[in-house]
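**Q** Residue numbers (our numbering): 606 to 734.
Check the hints yourself; a few may be wrong.
Calculated cross-link-like contacts (lysine-lysine; reagent style DSS-like; alpha-carbon spacing at most 30 Å) [unchecked claim]:
1) K710 to K729
2) K729 to K663
3) K609 to K710
4) K675 to K701
5) K609 to K675
6) K715 to K729
7) K715 to K609
8) K710 to K675
9) K609 to K649
10) K729 to K609
11) K663 to K649
12) K663 to K609
13) K702 to K715
14) K649 to K710
15) K729 to K675
16) K663 to K675
17) K655 to K609
18) K675 to K715
It should be emphasised that the hints constitute simulated quantities derived from the structure, not laboratory data. This structure is a prediction, so every number in the text was calculated from the model and none was measured.
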Amino acid sequence: MIRKGEYTIYNGREYRFIESDSVEAIELISNDNNEMDNGFTYYKNNIYTKMVGVSEVKELYSIHPYAVYKGEVFPASEERRNGNVLLDTTNTELAKKMGFERTDKYMYSKSVEWDEVEIFEERKSYTLD
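With the hints as extra help, turn the sequences into a complete structure.
**A** Below, the structure is given as C-alpha cells:
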C-alpha cells in the first residue's frame with residue numbers, strides 16, 4: 606500500500622486526517638470498524654471518522670510517496686484498477702526514454718509492477734491555516 610496525504614499520531618496510532626471548519630480541530634479517518642469502540646462513528650463504505658482537538662494529537666505531517674525506477678525518481682501512487690504502481694512525470698524527454706504514455710497536456714504516466722520499483726516516502730511537517 607502506498608500512503609499519501611495528511612497524517613497524525615493520536616493515542617499512539619497513526620491516522621489519516623482532514624481539516625475541519627475549526628482551526629482547533631481535525632477529523633481522523635480510519636477503515637477499521639473496531640475504532641467505533643474508540644469514539645469513531647461510521648461515515649460510509651468502511652470509513653470511520655472522529656473529531657479531535659489539534660492539542661490532542663502528537664504531530665501533523667504530510668506524506669508524499671516516490672518510486673525509484675531504473676535509477677530515476679518519480680512521484681508514485683497505487684493504481685486502483687490493477688494494484689500496480691503508477692509513476693508520473695512532466696519531463697517529456699525522460700518520459701520518452703522510459704516508455705511513459707502521455708496522459709494529459711503536460712503529464713506522462715506509466716504503470717509498473719511492485720518489484721520493478723523501490724518506494725520511499727517524503728514526510729513534511731503540516732500546519733493548519
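**Q** Now tell me if each hint is right for this structure.
**A** Status of the hints after comparison with the structure:
1. K710 to K729: Holds, at about 29 Å.
2. K729 to K663: Given that 30 Å is the threshold and the Cα spacing comes to 14 Å, the pair holds.
3. K609 to K710: It holds: about 24 Å lies between the C-alpha atoms, which stays within 30 Å.
4. K675 to K701: Roughly 14 Å between the alpha carbons, so the hint for K675 and K701 holds.
5. K609 to K675: Given pair K609, K675 holds - Cα atoms ~22 Å apart, limit 30 Å.
6. K715 to K729: At roughly 26 Å apart (the allowed maximum being 30 Å), K729 and K715 satisfy the hint.
7. K715 to K609: Answer holds: K715 to K609 is near 18 Å, not above 30 Å.
8. K710 to K675: Distance of about 24 Å is within 30 Å: holds.
9. K609 to K649: Measuring from Cα to Cα gives roughly 20 Å; hence the hint holds.
10. K729 to K609: holds (12 Å)
11. K663 to K649: Roughly 27 Å between the alpha carbons, so the hint for K663 and K649 holds.
12. K663 to K609: holds (19 Å)
13. K702 to K715: holds (12 Å)
14. K649 to K710: Violated, because 35 Å separates the two Cα atoms, which is more than 30 Å.
15. K729 to K675: Status holds; Cα separation ~26 Å.
16. K663 to K675: violated (37 Å)
17. K655 to K609: Judged against 30 Å, a Cα distance of about 20 Å means the pair holds.
18. K675 to K715: Roughly 13 Å between the alpha carbons, so the hint for K675 and K715 holds.
Of the numbered hints listed earlier, those contradicted by the structure are 14, 16.
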